[in-house]
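Enquirer: Add chains B and C to chain A, keeping to what the hints say.
Chains as they are written, first to last, in the working numbering: chain A, 4 to 754; chain B, 221 to 379; chain C, -18 to 475.
It is possible that some hints are incorrect.
Straight line, CA to CA, 25 Å or less: simulated SDA-like cross-link-like pairs of lysine to any residue [what the hints assert, rightly or not]:
1. A:LYS745 <-> B:HIS230
2. A:LYS89 <-> A:ALA74
3. A:LYS749 <-> C:VAL62
4. C:LYS49 <-> C:GLY172
Now the stretches of chain A that chain C is said to cover, found in silico as 3 or more residues with beta-carbon under 8 Å [stated by the list, open to error]:
5. 286 to 293
6. 685 to 697
Anything over 10 Å on all C-beta distances counts as not near chain A; from chain B, calculated [said to hold, decoys possible]:
7. MET221
8. ASP231
9. ARG237
10. GLY271
11. ALA285
12. GLN332
13. HIS336
14. ALA337
15. SER338
16. GLU347
17. MET369
18. THR372
These are calculated hints, taken from the structure and not from any lab test.
All values derive from a computational prediction rather than experimental measurement.
Each residue gets a CB set at the ideal place from its N, CA and C atoms; glycine is no exception.
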Amino acid sequence: MSGAPITLSRRAVLVGSGALILSFSSTARLLAQDSGVPPTAPPQPSAPPPPGSLAKAPFLDSWIRIDADGAITVFTGKAELGQGIKTALLQVAAEQLDADFGQIKLVTADTALTADEGFTAGSHSMQDSGTAIMNAAAQVRQLLIAVAAQRAGRPADQMTTENAAVVAPDGRRFGYGELVAAELLHVQAAPQSVLKDPSRYKIMNRRIPRVDIPAKVTGGAAFVQDLRPDGMVHARIVRPPSYGATLVGVESGAVEAMPGVLKVVRDGSFLAVIAEREFQAIEAMRALAAAAQWQETAKLPDAENLPDFLAGLPSQDITVLDQQQSGLGGAKTLSATYSRPYVAHGSIGPSCAVAQLDSGTLTVWTHTQGVFPDRDAIAEMLHMPKDKVRCIHTEGAGCYGHNGADDAAADAAVLARAMPGRPVRVQWTREQEHACEPYGPAMMVKVSAALDDAGNIVDWDYGVWSNTHNMRPGGAGALLAARSLAEPFPAPEPKPIPMPEGGGDRNSIPLYKFPSAKVIYHFLPAMPVRISALRALGGYMNVFSIESFMDELAAAAAADPVEFRLKHLDDPRAREVVSTAAERFGWSHKPRAGLPGRGYGFAFARYKNLAAYCAIACEVEVNHETGRARMVRAVAAVDSGQVVNPDGITNQIEGAILQSMSWTLYENVTFDERRITSVDWATYPILRFSAVPDAMEVHIINRPGMPFLGSGEAGQGPAAAAVANAVANATGHRFRDLPLAKERIKAAIGI
Amino acid sequence: MKLNINNSEHDVDMDPRTPLLYVLRDDLKLNAAKFGCGLGQCGACTVLVDGEPIFSCVTPIALLADKQITTLEGLGTSEQPAPIQRAFIEAQAAQCGYCIPGMMMRAQALLQKNPHASDAEIRAWLEPNLCRCGTHMRILRAIHRAQAMMTTAQEGSQG
Amino acid sequence: MLQSVWDGKIRRDPIGPMMRAKRFARNAVVFCFILALVAGIFAIAAWQPALAPISPPPAGSIDSSLIKRGAELAAIGDCGVCHTAPSGREFAGGVGIQTPFGTIYSTNITPDEKTGIGNWSETAFQRAMRHGVRRDGGYLYPAFPYDHFTLVSDDDDKALYAFVMTREPVHAIPPANELPFPLNVRLVMAGWNLAFLHPGPYRADTAHDENWNRGAYLVEGVGHCGACHTPRNFLGAEKADQKFAGGEAEGWTAYALDASSPAPMPWNADALTHYLSLGFADDHGVARGPMADVASDLRSASQDDVRAIAAYVAAQIGDQGPERPNVAHQVAVQAARGKTVADTSADNQADVKTLRDPHGNDEGAQIYAGACAGCHEGPRALPYGGINLALSSGIAGPSANNLINVVLYGLPAAEATHAPIMPGFINAMNDTQLILLARYLRARFTNNLPWSDIADSVREARSAQRAMTAQQAPSPEPAPAGTMQRITDEAQHQ
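Next comes chain A alone, as it looks inside the complex (with noise of 0.2 Å):
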């Protein structure tokens, strides 16, 4: 963990002359006002660490460089989904820098140029590389003032900064660029930074148009789908039909001799064409699929009956809360079972990647959450050395978690070495991408709990049954192609997330203040249908679960549902949320026996208890004759922290909550005995403007100089309960079982 000398290859790559780079060990005073600071001081256990991705890997080469004509660029470890961390980022290092927003390039996930940030996953991006870039970039401002202050000679607390240049008293301007042309300096950052006072920022908690939509609406090159490399050629992949099929024949002499056909790959059970034309390797993978021989094995558990098949599996309990204390003279206790079946990414973009071999150097660009696992797992499936294999993060479509990502790139990177030289694109077919992606995990909890008299909750038993939440890459048998190959790599141990974040157990302890309160997590190592990590992990149905369970406590208690979660939340963000979300909604003004057909549901959690607070209110309309239900209009508060992009933040929400309703009204993944049977839109609906809401609004509540706390994913699990807890309210039936299908409804709320 100490100063261990960056490589040659990296330093190659950050350094142009004159370049002011800062790696970070977790020592040192900064404002070192003479260049006589040794390159690298081993760390002194003692010192704090600095805050962010700043304390997670200190070989960390840089965040901020400085060219000589004073181009900005600042690195991150984490990547673009589509969530607007681009701009955010960017916003932040302008703001701390006082440089212009328009003038700094990002420079986001690269094994060969950024920061180790491990995955853009768990509403991590703004309170860990936003920290780090945004102390990264004061302590760097503060470097040049001191520079500049000396070359000025004038003392650093005289001098200012604007427009990325440091300014004297009498109006000498310093370029950030000549700054640095002098010195080579290995800085190592401090614990604290001087940040700037958010009444005075310019940039962060502005509106500031994100940088990526205008190629995005005008057809610019946006997308690892718009990669054209020279000499490229478009492959595609014959999946095997069910999990651990192998691959018993294929006779593929015909499919070699079509029009355009440059290979067939196989290797063990990977079997794959690459073409010419796009349209060629689409035919070739029709006719070769037709020719292929699959010996199939899987068994899959009863679709219709996945509680009781979760109950039955073995488990590995995890005690994740134990206050529980006898004796509260409860007067009323309640129990429920709620559940949820797989539930699918269904990226509109099905997964692809650009992969090339060249004089021994694989570059894959990919849209994978995690550029450094995905590598190291490819270097282990090729048998190559990591440095040999670099993955470059290039965006694709909405992720939302572990998708058919980083399986692409490894496909990818299996045809970049049968054709070595040429650019090889792996586009998944949208069946693959529903057959083969790893789903969000099916989950089921009990929950049981005690009212005393005056309706308040004097007990909690909470319980949830889950897989792993996490199959992502470390390990090469993570990926589905290292998998198939011929000398294949076992799919790796399913290992539970530690909490606080939680996988399965992600939200399961309730923020609201219980007497006594127990919660274990049923961890089931047995994954007969593959998952994976989907937005919010099991924070989803954790609150999906605990926020229709209150509502049910509340009903028993006779009283109202946001009262009641009042009663028992002490947080005062939380409240706050709370209120204002009800108030908003004019909550208190609802009709007491509305519109027939017509509900209002209210639901609030704070992701991971630990990342941004949401509440939602919702009114929503069900049809009687049909079952169907209709999300009318929403109100949500949120409480992100330090705000750094407003409409960012607005916009995240706004999407949470549709998805979330989308997942909770309609989407079930659907299979047989052995083979996914949901494969495209027909088979696995999905939400349509005919469902649309008719309004909604978002209400942030600012907190400026707080920590940022994550908010990507903070609607999916409260949006959820919303929805149940209005459609409960509109038909006087509890619905437990996700998804809230029509047809369910309509059994429930008979003829």
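Expert: The following block gives chains B and C in isolation, referenced to the frame of chain A:
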């Protein structure tokens, strides 16, 4: 064969069975129309033929000689965006942005022939197009904004 | 000279103009008098009394099992389909039904007292069902198929009444009918009824068993299948001597359900049961157009009833002979063999052309290969994969109608429903291309004579009206591998 795309003639030497989408993306290097499903279910590939929307992923070029094909690139550029493009930028109507060109082309077709389409008509019109990120509210706002721009421009030019 | 109106012969006129005029006037008066007398007698005979209005029965006063039975019957009768407008409330009416005589709008049958049937007694309801007369005595138009509903038994009328009276009341007034004189005078329907209404209820046919009778009762009665599947005469009545010989509905062909059923693979009771209750059958295709609503509704009907309906219809089709399945199979294999995706060599194309395509239709073949083959020759089973076109009635049937409808409008996505989605090609294909494709498909996938009416079908099909009826039935289950799968496999290995 010859294809008329965005008002210019292109000589395309492709198997006439090839769906237009691959010709646009791979040969003409036009990025906007996207592969979303190849089945005509999601609308990400939507372009206009003689002003009407089609799914380019299931339309072989054999059908398109002597027809006017319009892609998003043909409506405007980042330097000179068309009203629909300006509207989508101003409304920040995108999350991942993958579905957006298809949405815009679909909307453009409606606004061209029914400039005063109501909100209900716009929603019904967009039914064939999917958005997985949940950007629907903004997409509707952007289309209304474009509609306002286009009708103002029309009135202006008549005034 | 005057021409006699009686026998068409020309006679010399011995009488003179003035006398002629007087005689004419007298004849005219007599004629009008007789006409008025007849009309008067008719009107008196046809007049129906208004039945006293009632207050709607209070909620909870009706036996829930009766309501449930009513719901099941309403599912077979498809009440909601005609009485619910696309963006309207359930059963509130307002659907315009196109007839050769004009447009008739369905009424509000919710129990709203002012604008619905909330003040209809059970007697009034049954009179409407049995005799086609409203509560106020006015005649209904047979766009409401009371000529079928007349067969519904008293008990079932009770159940239907219980069902409609427990729906949610909606205040809604449908548009006025658009009918020319004298059809807009409801009384004329009395004459129509005299000729074409055979009042029920259904009487069992002792020559057949209980199950057959059950099916007959449902099909001929509340199911009103003949309303679409039987051709009509110039007065809009079903031709009694051509029962189930085929008809039309909203621009779609309702195929014959008698021995002339054009389905390449013959229908049997099992396939019909599957089709009616799940919205598709492996060897036949998916229910679409107006049949989509029927199949969708039958999902909530009693499955015993659906089986009885299927058995009765299968009996009407009868045994079309042992050769038929073989022929269908053969055609499918031939068509499949010509198509193997890997098979793109010029020789094979030429073979396919001469064998299957007498029009030398290169362009049709290209369109098919680029737009259709991806799904229709894919490995996916029904209902979600495209049907093997050699099995489709749409291509084998007497008219190109349904094929054109589907090609133009596709099967649009239905909200939150597992149902096949097919893109429509209305904007991608012009009429010429559509005709070329239709001809090609007919030639390649059937042994039948070419259609003569493609151009007409195409012209009519491009209307907005038709677009609205493009839909397909939802289906909860993917099919297990069926005939289509086997045909593809066989073609592979020949």
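Enquirer: Work down the list of hints and note, for each, if the structure agrees.
Expert: Evaluation of the provided hints:
1. A:LYS745 <-> B:HIS230: Violated, at roughly 49 Å.
2. A:LYS89 <-> A:ALA74: holds, 17 Å
3. A:LYS749 <-> C:VAL62: Given that 25 Å is the threshold and the Cα spacing comes to 18 Å, the pair holds.
4. C:LYS49 <-> C:GLY172: violated, 36 Å
5. 286 to 293: With 5 residues close enough to chain C, the hint holds.
6. 685 to 697: It holds: at least three residues are needed, and the region 685 to 697 of chain A offers 6 whose Cβ sits within less than 8 Å of chain C.
7. MET221: Non-interface label stands for MET221 of chain B: nearest chain A Cβ at 15 Å, farther than 10 Å.
8. ASP231: Check passes; 16 Å lies beyond 10 Å.
9. ARG237: violated, 8 Å
10. GLY271: At roughly 19 Å from the nearest Cβ of chain A, GLY271 of chain B sits farther out than 10 Å, so the non-interface label holds.
11. ALA285: holds, 18 Å
12. GLN332: holds, 17 Å
13. HIS336: HIS336 of chain B clear of chain A: closest Cβ-Cβ about 19 Å, beyond 10 Å.
14. ALA337: The assertion about ALA337 of chain B holds, with a minimum of 13 Å to chain A.
15. SER338: holds, 13 Å
16. GLU347: Label violated. Min Cβ-Cβ 5 Å, cutoff 10 Å.
17. MET369: holds, 14 Å
18. THR372: holds, 20 Å
Consistency with the previously given hints fails for numbers 1, 4, 9 and 16, ordered from lowest to highest.
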